[in-house]
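Colleague: Chain by chain, the residues run as shown.
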Amino acid sequence: MSTATAFPRSWSLRRIAVLAVVLVLLAVSAVRVDVPRLFTQAGASRALAGMAAQMWPLQISDRQDVAEIPGFDPAHLPLFAYLQTTDETTRELDRDRLAPATVRHRKVWLVQPCGYVTQVASKLLETIEIAIWGTLIAVLLGLPLGLAGSASLVRSPTVRQAARAASAGLRAVPELLSALVLVTAFGFGPPAGILALGLHAAGFLGRFYADAIEDANQAPVRALQASGAGRLASFRFALWPQVRAPFVSSTFYILDRNVRMATVVGLVGAGGIGQELKGRIDMYEYAHVGTILVGILIVVLLLDHVAARLRRKKT
Amino acid sequence: MQIELDRVSLAYADKTRPLDDLTLTIPSGQFCAVLGRSGAGKSSLLRLLGGMVAPTGGAARIDGMALSPAMPRALRRRIGQVHQDGALVGEASVAENIVAGAAAAMPLWRALIGLYPAWTRERAVALHLELGLDPAFLAAPVARLSGGQQQRVGVARALMLEPALVLADEPVASVDPDTARQVLSVLAAHRTRLGATVVCALHQPELACAFADRIVVIDEGRIAFDGSPELYRRSHRVETT
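Protein chains in written order, with my numbering: chain F, 1 to 315; chain S, 1 to 241.
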């Protein structure tokens with residue numbers, strides 16, 4: 001019993017000291033960024049609850065003043081649409097008597113029962129289209145960057161480092177930031193969003209593609225080049241079969257990511273559902289906001305499902 | 001193609017000298033088997049002949065032109081190489097791997113979209129069958145084949161462009177004796193048909209004696225034996241099978 005085997009010491013003063021320092025730093029930072037307000041501000045939860053309450057019922061239909069529709073033809077209404085007439089009374093100045101008078105206005109509205117839902121659906125489709133075009137640009141830019149950035153294909157380290165630096169530079173600029181700048185160049189609407197998504201994602205794909213090529217088995221490349229094949233031909237035969245699967249899966253990842261980001265760049269005016277969302281929030285039209293949020297949720301969930309299925313198919 | 005090695009040596013940065021002062025002339029049309037223990041320098045010799053490495057000393061020439069990693073592509077096209085590790089693409093089909101041997105001779109656009117010229121497709125299938133591979137394998141990924149089957153795919157790829165020089169590094173290392181004879185017969189037939197030079201590293205002396213017209217034994221980077229199969233048999237007592 002005298003030489004009992006001791007359990008190895010499982011703690012050290014250093015570990016405890018590091019933990020204490022981290023806790024102190026967190027405490028200092030909490031005061032700096034006002035963390036306690038997260039828990040004490042009762043108004044915040046009330047405001048959120050109020051906003052949520054105003055989102056219900058969701059905005060389904062759409063109503064437009066016929067007088068504001070250029071070239072309106074009552075004989076040819078859109079599908080399921082009907083006309084609604086309202087009488088409004090307002091107090092206005094009677095110019096003849098120079099006295100206030102009650103005036104009745106008759107207004108004709110074009111009501112489309114599912115008008116707003118259709119509008120949101122079309123904006124969501126536009127968002128997905130922005131994401132697809134952004135991905136296409138990303139592939140077109142990322143592919144040459146990836147090929148130029150891989151040691152298997154490019155012997156000059158200068159070219160390789162330049163390509164890798166270009167990819168890193170593109171990745172470093174967030175989509176939202178470049179969208180903000182591009183909107184001033186291209187104006188409001190999808191083109192700015194497409195380019196912003198494409199440039200940022202090209203940085204990712206350039207990196208992913210280059211890494212996939214370098215991870216591939218290089219022996220067949222050397223074998224083909226030894227028997228006189230050119231660089232592109234040996235890429236096609238020796239590398240492409242190896243990198244096809246990683247290329248496809250990283251491109252799908254970028255598409256998935258771009259659909260999410262396409263809603264965000266819309267907030268700064270780069271087209272899609274985000275632009276619609278920002279407009280409705282600014283006008284306090286929370287029922288419309290609710291419809292948009294439900295729409296985004298459905299698209300993102302669907303996309304998740306589709307992406308997962310595609311990935312399962314690949315493996 | 002005639003190979004001339006004049007006092008060639010090969011030294012690596014880690015001070016190993018796989019080839020040491022080696023002089024060897026292989027005339028055009030000869031089937032030369034290279035024997036030797038593992039690590040004796042057989043693979044290094046074949047890598048040197050294939051222009052994968054440059055000699056660090058002496059002169060290596062092929063039809064009078066210097067052998068080096070920088071040798072022109074037109075010359076490389078005339079050399080078919082069977083690599084020891086196969087150097088195949090496991091994810092690609094057997095057919096694609098074989099047709100890749102003609103990559104240097106087909107238009108790039110055809111290669112890129114996979115619309116390979118008819119002669120390359122026909123030749124790939126013919127070689128596949130000639131080497132005794134099951135036709136059902138053509139569309140299967142190479143990774144699904146056994147080691148010996150993969151080696152035969154490597155041989156088929158090397159013969160795609162009807163090379164004037166075939167360098168084979170242990171092409172029958174992991175196949176059964178019957179298949180080994182079949183593979184070596186294909187190489188021998190290729191030599192006979194086109195008058196090509198064949199340099200083949202082997203582990204099995206009996207196969208070397210059966211197929212080669214000349215046997216070179218390498219030991220520690222030097223030539224330990226150089227002569228006809230008959231001479232080799234007499235001095236090494238090879239059992240003929």
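If you are wondering where the hints come from, they were derived from the structure by calculation, not from laboratory data.
Source: prediction; values computed, not measured.
Note that CB positions come from ideal geometry on N, CA and C, so glycine has one too.
Heads up, some of the hints might be wrong.
[What the hints assert, rightly or not] Simulated DEER-style distance windows between Cβ atoms:
1) S:69 x F:300: 48 to 54 Å
2) S:146 x F:5: 24 to 30 Å
3) F:214 x S:68: 22 to 28 Å
4) S:109 x F:33: 37 to 43 Å
5) F:14 x S:173: 14 to 20 Å
6) S:112 x F:172: 31 to 37 Å
7) S:113 x F:181: 35 to 41 Å
[Unchecked claim] Far from chain S by the CB rule (all over 10 Å, computed), these chain F residues:
8) 32
9) 33
10) 126
11) 143
12) 224
13) 228
14) 232
15) 238
16) 312
Colleague: Of the numbered hints stated previously, which ones are contradicted by the structure, given in increasing order?
Modeller: 2, 4, 5, 12, 13, 14, 15
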